[in-house]
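S.K.: Sequence:
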Amino acid sequence: MYRTPEEVARAALKHVRRLVLCNGAGVVVYQPTTQEGVVLASDADREIPIGAGFRFPLAGVDKEIEASRRGEVIFVPDIGALPSPSLTETALLAAGVRAYIAMPLRAAGALRGWLGVASTIPGTLTTEHGEILQEVSVQLAVALYQADLRAALAAEEARLSALVERLPEGVLLLDGAHRILLTNRAAQEMLPVLTDAHSGDVLTHLAGHSLGEFLVAPAGNGWHEVTVPHLRRTFQVAARPISGIGPNGGWVLVVREVTRERFLQAQLEQQERLAAVGQLASGIAHDFNNLLTTTILYAQMALEHPELPSDLAQSLQVIIGESRQATQLVQQVLDFSRRAPIDVRPMDLTPFLKELTKILERTIPENIRLRLVAGAGPFTVRGDPTRLRHAVVNIVLNARDAMPQGGEVRLGLSRLTVGPDERPLVGMGPGEWVCLEVTDTGTGILPEVLPHIFEPFFTTKPRGVGTGLGLAQVYGIVQQHGGHIGVETEVGKGTTFRVYLPALAEETLALEPPAEGPPSTGRGETILLVEDHPALRTAGREVLERLGYRVLEAADGREALEVYAAEPVDLVLTDVVMPGMGGAALVEALRQQNPDVKVVAITGYGEDQEVKYIRQAGVLEVVRKPFEVEHLAEVIRRMLG
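Start counting the sequence shown at 1; every next residue gets the next number (our numbering).
Some hints could be false.
Claimed, not checked - Derived EDC-like pairs (lysine to aspartate or glutamate); straight-line CA-CA distance at most 16 Å:
1. Lys14 <-> Glu36
2. Lys493 <-> Asp401
3. Lys612 <-> Glu588
4. Lys598 <-> Glu634
5. Lys598 <-> Glu525
6. Lys14 <-> Asp45
7. Lys612 <-> Asp343
8. Lys598 <-> Glu630
9. Lys598 <-> Glu628
10. Lys493 <-> Asp570
11. Lys354 <-> Glu437
12. Lys598 <-> Glu588
13. Lys598 <-> Glu567
14. Lys63 <-> Glu36
Calculated directly from the structure, the hints in this document are not laboratory data.
Given only the sequences and the hints, what does the whole structure look like? Please build it.
M.R.: Put into structure tokens, the structure is as follows:
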């Protein structure tokens, strides 16, 4: 059977050449849009060099075309005898044709083209030849039309097959007995993960669920979602009935993997949850800082009493020590909530990690090997060495706890270029990143634990062992550096933490700041202390007076303005966050009265918006609660000069 139009045309022409004595025969396709004739196939002697693909214009032969549409035959015994040959006939004459018969090919009510015979000798073609061609043309027109339909259908099937084959979703065609008839490439890759069935087998289960569950449309978006637990891969499956697949119809199953989407969604939800917890934690930390500041100041003042019994002095030292431990917990909470102040500077992570590795080697057990692997640098970032040291140490100590029988911890450095359409972690933008990687060979993290590891006070350790703030602090520190942190883990095989920090193009590294000098006492200068917390205000007044200063008090910004206007003041020591008029508004109002006013701010928050405002108002010195007496004394003395 001849399938393509070309095959049909060539077979018909061989038959025509046997029936009609001529020098050539051809099948011409009519192109109405371009008003051209295109030779589909030809069978001609050398004298007529017209082959397949030859094009010729049909301009000026409108009457002939209309006649062909009506089924009339075009018969020219001698082109050379025509008084005014058409462009088509001129082209035929130039090709050596002197006589021709063009039999119209009509099918489905339209003119499809012509079956033509040609001779190089005038008068050799007759009307009897036309009658023979007419009988052939009727059958040929139908055959060509059917071949065109088959070719169009085959092309459409090829396009559809190519489209389905290249779909990222898996597509399966099932018959009424649920036998797998067809699968595209994506489905072939997914099937081994979801089932033991192959093409030709009856499909009974997917990911441990019976096929019947997927054939019932779920409420909502129409997708069933299943997870392969041991591979931690998630898929969505949709099923639709289809007719024409045997007497009982069939089904089309579409399968798509959403593992990455669920991972990113979980990250986003975790970030939103941690942000809400962080905001709450920051407010609690502020209140604790006020309490701890009051406790430490009173304890330090009590220690200076000349007749203090030794046992009471020892108790006060314990109070101060425990308060400082509590200060560290508050610092961890502030780190998590991204409110802790950080002192960022350009720093090279290679020497930083080399030095830190030496310190860590002295603190982890001998049965744990610590390795540093750094790729091609540079690995310069803008960071706070102290805070980043805390972050790395916390991760390494968690790795140590996950390897009670020993193992290996590998610290790695590498660079990563993220393109516009790439997103290794939620929130990561395009650009250059430095990746700090900590990998252990420990027990891994259980799937039910993994979503909570960065939450404050969440811990899997026994009661009394750890606070659950270590990784929460790491998370906050990384976020404050404009970075991101991701975790990959497998139970029984180990865990990898990856910290991504924005790479710094400039290579100039900042020098360490000079050490602070010894504190100094006052010389009777007047300090206006503005603090809304009564106990802390009282403790602050007593400390300042013992340091040799005259102290005026105010409970808020408005009261401070009245006091400042009534008496001469050498320096204002103000809290940042207060009800009514806060510290930033107070400083702006004071500068309207005296542009040269000297102000020191104290705060229990980190670098929040209020601290930024008060810095913008011109305050250069900000003292963090809880503070030591010596530190406060040094800052005040430096401001007063």
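S.K.: Look at each hint and say if it fits the structure.
M.R.: Verification of the supplied hints:
no., hint, in the structure
1, Lys14 <-> Glu36, "violated, 25 Å"
2, Lys493 <-> Asp401, "holds, 14 Å"
3, Lys612 <-> Glu588, "holds, 13 Å"
4, Lys598 <-> Glu634, "holds, 15 Å"
5, Lys598 <-> Glu525, "holds, 12 Å"
6, Lys14 <-> Asp45, "holds, 13 Å"
7, Lys612 <-> Asp343, "holds, 14 Å"
8, Lys598 <-> Glu630, "violated, 20 Å"
9, Lys598 <-> Glu628, "violated, 21 Å"
10, Lys493 <-> Asp570, "violated, 64 Å"
11, Lys354 <-> Glu437, "holds, 14 Å"
12, Lys598 <-> Glu588, "holds, 12 Å"
13, Lys598 <-> Glu567, "holds, 15 Å"
14, Lys63 <-> Glu36, "holds, 15 Å"
Comparing the model with each numbered hint stated earlier shows that hints 1, 8, 9, 10 do not hold.
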